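There are 2 protein chains.
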Amino acid sequence: MKQYLKHDEWKVIEDKFHPEFNEITESIFSLGNGRMGQRANFEETYTGKTLQGNYVAGVYYPDKTRVGWWKNGYPEYFAKVLNAANWIGIDIEIEGVKVDLHQATMHDFYRELNMKEGFLHRKCDISLANGKRLKIESLRFNSMADDESGAISYSITPINFSGPIQIKAFIDGDIQNKDSNYNEKFWDQVKVNASENQSFVWSKTKKTHFEVITGQEVQIYQVGQKVDHLAEFETKEKYSALTYNVKVLENETTTVLKYAVNLSSENYSTSEFEIKLSQYLSKITSKGFDQMLQEQALAWAKKWDSNDIVIEGDVAAQQGIRFNIFQLNQTYTGKDDRLNIGPKGFTGEKYGGSTYWDTEAYCIPFYLSTAPSQVAKNLLIYRWKQLDKAIENAQKLGFDQGAALYPMVTMNGEECHNEWEITFEEIHRNGAIAYAIKDYVQYTDDKQHLLDYGWDVLIAIARFWKQRVNWSENLQKYVMLGVTGPNEYENNVNNNWYTNYLAVWCLKYVQEVYQEISELYPKEANLKFEKGQFSVTELAEFEHIVQHMYFPRDEKRGVYLQQDGFLDKIIASVDHIPAHQRPINQHWSWDRILRSCYIKQADVLQGMYFFESDFTLEEIERNYNFYEPLTVHESSLSPCVHSILAAKLGKEDKSYEFYTRAARLDLDDYNNDTEDGCHITSMAGTWMSIIKGFSGQSVQNNLLHLAPFLPKQWKSYRFKINFRQDHLEIEVNREGVKVQNLANHDTEIVIHDKKYQIVANSTINL
Amino acid sequence: MKQYLKHDEWKVIEDKFHPEFNEITESIFSLGNGRMGQRANFEETYTGKTLQGNYVAGVYYPDKTRVGWWKNGYPEYFAKVLNAANWIGIDIEIEGVKVDLHQATMHDFYRELNMKEGFLHRKCDISLANGKRLKIESLRFNSMADDESGAISYSITPINFSGPIQIKAFIDGDIQNKDSNYNEKFWDQVKVNASENQSFVWSKTKKTHFEVITGQEVQIYQVGQKVDHLAEFETKEKYSALTYNVKVLENETTTVLKYAVNLSSENYSTSEFEIKLSQYLSKITSKGFDQMLQEQALAWAKKWDSNDIVIEGDVAAQQGIRFNIFQLNQTYTGKDDRLNIGPKGFTGEKYGGSTYWDTEAYCIPFYLSTAPSQVAKNLLIYRWKQLDKAIENAQKLGFDQGAALYPMVTMNGEECHNEWEITFEEIHRNGAIAYAIKDYVQYTDDKQHLLDYGWDVLIAIARFWKQRVNWSENLQKYVMLGVTGPNEYENNVNNNWYTNYLAVWCLKYVQEVYQEISELYPKEANLKFEKGQFSVTELAEFEHIVQHMYFPRDEKRGVYLQQDGFLDKIIASVDHIPAHQRPINQHWSWDRILRSCYIKQADVLQGMYFFESDFTLEEIERNYNFYEPLTVHESSLSPCVHSILAAKLGKEDKSYEFYTRAARLDLDDYNNDTEDGCHITSMAGTWMSIIKGFSGQSVQNNLLHLAPFLPKQWKSYRFKINFRQDHLEIEVNREGVKVQNLANHDTEIVIHDKKYQIVANSTINL
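As given, the protein sequences belong to chains U and X, one line each in that order.
Here the first sequence stands for residues 1 to 766, where the numbers follow our numbering.
Here the second sequence stands for residues 1 to 766, where the numbers follow our numbering.
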């Protein structure tokens, strides 16, 4: 846990340089606009600790699998979002000495991530080895309005000298992924070029042949005036630069404006790359930096209007939740159904920037509530488009007849992961993907989605479950052998309750959806059924499994068992683990963790969170009381589910405690791993803790339900919700709950199980 | 399956060159003397398919672990027996053209592995690209009498030319392990030298700092006369050579005698390396090649006298069993208690040449019966010397109070393996190590061993089991969670019957041994107990576990269950697997294998084989009939156990069928993997099939028992047994069984449950 960043409601501030934490800061201060993003590297050369990182969404490379012992069925490759050309580079050299904050004497330093307006701002006052003292100020952003571009305003003010300086603005495409398995370089050069005030690097990924052209246009201003300096051009392998030899005067500011554009062959024909690049650069330079920055602030103001959660009385919490919302919006904007949400977003390389079940289980609720429905829908379409690959994936594992197993980790639909106990056995992901469809349709009432996309995915997943269970002669029930649940501290178990429950739910839901689309769209649905070689006898088979599935249960305690044999373990609460052995994943050997009763993240409780209405409060409480004390929460995805259930059970302090565990995970580097990147997908969990936990948001019978409480540490909290046509603002304060209907129509809402009418544009106070 | 080698009772013969199988032949024709060994590479340059391999026993390198996903507790290194300096090299160059069997035109080719006398013999008749035709004959061996040396007689006879040729005899230490994880080279040069007729390469392993000096002395003979040619000396990095420019005459033979010595810092002070090398070379050159070869034949005659199994009426079977016995004797001679038996011996790099539980479960019975008891005893002492490391290993996994977990794979006692489900969970190896002590003492009656070595190991293993089980409140029994049994097609299961049974047996046996040594050696035993902080209350704790251990069992079928939940699988015999999907480990994904009921190698049956007398014949039969049809025998260690049990159950045809599956495994390259090396440890299993299976050998109540049958495919078989002071020859033929007492004292033996007296030096016929 580190606390070197200042608490502030709208900014993240480092007001003294912490080179020892620089890689952490680089992660936290990352910028992105859904289309491209980058770590908060310095523009200048920096020879201290740094992890360079620039990413272009959807551009990946299949890195050859590295494994100790090969198991049949492992994928050959792990597709990774690439570290791409660095477009922020501005090197300054003064009388032969390069500016390098690692070498310079630092008189003053300040950097802030301005979350309200979406930019990164840095100021510093330094002396170089040759005694030259200067101030540097930089402000940069990845444009939300023009999301293939970014801009930097970089200013130098000499303090104790006048004279010539060299400014080199460059694009560097000679990049290596830090986590490359075999130290391969993933990019080949196609072309580099530099001409008057513009230069570019055009690269192509090996194997996948994605092409990206990254270009810059540079302007120099002195005393507020644009200066027509001629640049020296420089190109070398995967590198292009424009160098300006400028005379600077003591106490007068010279500003470099650098406009950059990243175009990908996913969106442009490469034959037009150069012309499109040039046009794009013209477009943004003619807007100019200031207008771009204004548009950026506007775009973010719009985001915040629908996304913000305002907390009064707790600046740290306010900063925490805004940071999470900010990063989620930087990572995914929902414009492109080929994109998804990597666990680290654009903030690092770890986990390959690939798609996990985190998207469906944690992120979709966030986007559903805070963005137009198309955003969440595009995440569903992403999976629908990868259905063929999921069917292929299942075939590789011996399944047939259209059964689909979505990959554990993927980029283009192919499995990337290679740990047998996860790759092959953590199949509950299939259920989460089905669940997200239900979640979406329930929230949006977009039934057409079931016909257009949902059915295809659901029937393929149902077919998988049907083949994956087997009839146990012994139990006279269906069982599911050899799985790993969400709690990855158990591997290869039989009858993981959560997975069995999800499977049965899928098999029921597909029947429901069959009825629904058959009734609503009889003709189109029939065409679909025929095309998918679906016959209704399949439904009967599904129903047989639904009726005869085995669920491990302890009657005495009245709890479901995480898996067969769970009670043969020594059951002892987490406080029995000596403090110096926590987290156990850093102190215990893997087998010891597996044998123990300790749970990494919600498993039975994850199921109860998903299917809350299937269980009585007493049932949920018994299971919560049994499992929570055994849970070490060593996944950042764990606390939110517990926070929500605790809220449901009236355990408000507990609910708040769980919320705080994850809310500032990255800002305080709680797990000592933020240097690898931020925990983007768990940020959605933090949002859920407040919205689904504290405010008790859910959808039941087509009505929005709330059951809010106010954590005693706060004065109030306030947020907006989009629900179907409704647009509401909810405030929970010490007086009670205030719900404002922002729409021009009346609406109904259920609060603490009581239904209220709210007239258009009016407020109710409870 | 390949059948390019000729069947012969005493030789393995390749009478036509098969370059496509060259790497297989290199494995099969490997030579070794327990101290050093090598693959059957050609002496000359060979640019075709080849895997160079020279090995020095006990010299290893810790290769950095390669793994996809790190699990806590994994070892940092995998210690591997190194590919060491190549000492066989003899390059021939004739008018600028090098002899290379891959490039030459082959008129005739013959090579044989002479198992009776222990040498490799090759003849060929070739033409070079320049039209020169010559015959080459080479004969080489690794000396059993002087086991740090080898010798080669290499002859050239020009067929169609006279003139100068160049003979370069070299030592090449610039070697890389093919299976190096990171393509590292493991050797550094210490010194190279070449002087008149002698040269050496002195190398040192990185990290482990083993030093090996490999030297040669070369003599040239023409027309039977030694020629005093002066060599040209050549040294370069890790390489030294002696080059002779010789004039050869058409149809006259020039012979190179190359004497080589390999000394290791394990056995010599490196300060004396050069002088010892020189002395050793003097010793063997003064003996001369012919005498060395005679001594080699003599040494092997002695081996064969005690080891041979003579089969009449089946040449293929005869060759098969002799090949197995030959390789076992080449791999391990039992002189050095720091050495053990790698799964590939000196025939390849795979599995790192490390020690597995194969030694205790399969190899020790072979050496017990065929060699002086010190040989098997040294294998036990090897583990005893590594006890501290086994205790350390257990500590790393969270055990304490002197509990030991022997590694799954090891060189110096440290764990090398890195698959969690094996490294951490295949703990039955601990039981096999305890079992081998019992096996040894039962066979030899060497009770002193229990005091000197056995107790230390047994109490440490017992302490491990005590801590590894846990009390299940649920079952009111002790259970053992998260293990992998010998059947590695199940991972991380609960209550593997075999492991539970072994554990309980260990806990009983340690009590028995406590009684035994307390009575026999009260004073010494007490000292030992004190030193090991042993208290008798531990025995009571052990006994409590013995009394309350849980064993999974199916009452209906009357069989023990391989593990919890086994009957929830779909139980269908192996014939239900389509032929094109066999072996399943090449066709099914790993999870599918795990979920299936199919068994890689004996598991419950392995236990019944170990503890045969604990079960009634009916019990064994029920379990055999249940499990054997589910067993795919995809480990070469599987068939022997089934062969022995089938014999016990009177299923003679089945017993023979299992025997044949493994008997010619390498000779016929049954599994398409002999090119990696021979399956040395399974060879002991083949021997067991005949001795423990067909002849029914066992020791009960201090008496040797036999229950022989004659496979109907054979006329007879005959072998000798050392049992304590007894020395017997047993022949089983169509008339019956003949037992000859070769010792000078009377003895007793039980045959088919009937006790017979056999007077000294006499024979009984039954």
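Just so you know, these hints were derived from the structure itself, not from any lab.
Just so you know, not all the hints are guaranteed correct.
Chain U regions said to be covered by chain X (calculated; three or more residues, Cβ under 8 Å) [what the hints assert, rightly or not]:
{"id": "1", "region": "129–136"}
{"id": "2", "region": "305–315"}
{"id": "3", "region": "343–352"}
{"id": "4", "region": "391–405"}
{"id": "5", "region": "476–483"}
{"id": "6", "region": "736–747"}
These numbers were taken from a predicted model, which means no experiment stands behind them.
Every residue gets a Cβ at the ideal spot worked out from N, C-alpha and C, and that includes glycine.
Hints and how they fare:
Note: the region 129–136 of chain U has 0 residues with beta-carbon separation from chain X under 8 Å; the three-residue rule is not met and the coverage is violated. Chain X is given as covering the region 305–315 of chain U, and this is violated because 0 residues of the stretch bring a CB closer than 8 Å to a CB of that chain, at least three being needed. Given a C-beta distance limit of less than 8 Å, the hint that chain X covers the region 343–352 of chain U is violated, as 0 residues qualify and 3 are needed. Interface restraint, the region 391–405 of chain U with chain X: holds (3 residues with C-beta to C-beta distance below 8 Å; minimum three).
Counting residues of the region 476–483 of chain U whose CB lies closer than 8 Å to any CB of chain X gives 3, which reaches the minimum of 3, so the coverage claim holds. Given as covered by chain X, the region 736–747 of chain U fails the check, having 0 residues with a CB less than 8 Å from a CB of that chain where 3 are the minimum.
Going down the numbered hints, you'll see the structure goes against 1, 2, 3 and 6, while the others check out.
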